[in-house]
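**Q** Sequence:
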Amino acid sequence: MIVVPKAEQIAGNVALAFFQRTLGSVSQDESQPRRILAAFMAVSSFGNIVVMTFTAARVKQEIAKEGILPWAKFFGQSKNLSFGRFLAWAQKDQDSVIARKFHWLLKRSWMDPREHSQETPFGALFLHWSFTVLMIVVTSHLKPTDAYTLLVDLYTYTIVSIFGFIIAVGMLRLRFSSTKRWSTKSPFRPAFSILSAFAFALGSCYPIVASWVPPSSAYLSKTQLAVAWFTTPVVAWSVLGLGMFWYQAFKLYAWRRAHKGGVEFQVQKVPEFDRDPPPNGPPVQVHETVFLAWVAKENESMDLDIEDRRSMESF
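Residue numbering for the sequence shown follows our numbering, beginning at 1 and increasing consecutively.
It should be emphasised that the hints constitute simulated quantities derived from the structure, not laboratory data. Yeah, the Cβ is synthetic: ideal placement off N, Cα and C, and Gly gets one too. Just to be clear, a hint being listed does not mean it is correct.
[As the list claims (entries may be wrong)] Here are the simulated BS3-like cross-link-like pairs (lysine-lysine), alpha carbons at most 30 angstroms apart as the crow flies:
id : residue 1 : residue 2
1  : K73       : K107
2  : K143      : K73
3  : K6        : K107
4  : K251      : K180
5  : K73       : K222
6  : K6        : K297
7  : K73       : K251
8  : K107      : K92
9  : K297      : K73
10 : K297      : K251
11 : K92       : K79
12 : K79       : K269
13 : K297      : K269
14 : K269      : K73
15 : K260      : K297
16 : K180      : K269
17 : K222      : K251
[To be verified] Taking CB as the label site, the calculated pair distances span:
id : residue 1 : residue 2 : range
18 : T22       : G203      : 23 to 29 angstroms
19 : V227      : T53       : 22 to 28 angstroms
20 : G281      : V152      : 39 to 45 angstroms
21 : V239      : P214      : 47 to 53 angstroms
Construct the entire structure; sequences and hints are all you get.
**A** Set out below in structure tokens:
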């Protein structure tokens with residue numbers, strides 16, 4: 001409220017009003033603050049898309065590696081779809097058109113395929129892409145501004161608020177737990193870390209609770225809602241509830257098979273490491289083979305040898 005008055009905040013477009021009141025005096029062109037804001041939002045959106053695509057796909061892949069998702073092999077698998085694979089293909093046949101025309105470029109040391117090779121979680125990326133398209137289709141009947149606002153609200157409510165609150169509570173539990181003894185392991189001052197976690201939990205809890213409070217009549221008289229005011233918390237908790245239901249159902253199914261069939265679901269992961277930089281650099285994981293199988297209870301505590309692993313689903 002120091003820069004933007006309360007009346008303009010209620011009307012919406014707070015960011016644009018802020019830019020007009022701060023950067024609007026830089027130029028006589030009244031459209032310049034709007035263009036600057038649009039550029040900042042474009043860069044921010046692009047960065048958010050890149051980060052979420054990179055991280056969310058790998059989170060989905062790790063969940064698939066635990067065998068929780070259906071078609072775990074497809075969603076948990078990785079393949080080399082990188083630029084390094086294209087370079088290896090281009091340099092393999094020296095008589096190809098690409099090798100002959102771009103020989104001067106391909107022979108450079110920084111065009112070594114090993115420098116540009118990276119495995120891609122293509123199955124998890126497809127799952128992430130599918131849900132992204134689903135959210136776009138569901139909000140396609142709204143205006144672009146309203147659809148963007150709704151999707152940002154859903155992201156903020158779930159990722160920032162709910163998960164932030166869970167993380168803060170977990171930090172406080174580690175600090176005060178007598179069994180974890182985290183207070184003896186943390187190098188930070190106890191009073192500062194406790195205060196920070198408490199403030200983080202309180203700040204994350206506020207939108208979780210406040211989103212269930214209906215807006216006042218004064219706010220509704222000045223603002224036209226594109227969707228019902230309770231849409232964000234209802235959709236967010238429905239998605240989280242569906243995920244928790246699926247996980248509990250999987251645990252119940254595993255318990256039922258263990259109780260009646262005498263088998264338990266087992267996951268084994270075999271990581272592979274390389275030195276970066278070679279030959280004496282720190283180890284960096286370059287690949288991981290995952291074995292999934294239902295194993296008899298009498299063998300659950302035994303390490304499976306190579307022959308046993310051949311009967312397991314691996315990727």
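**Q** Could you work out which earlier hints the structure fails to respect and list their numbers in ascending sequence?
**A** 1, 2, 3, 5, 6, 17 and 21
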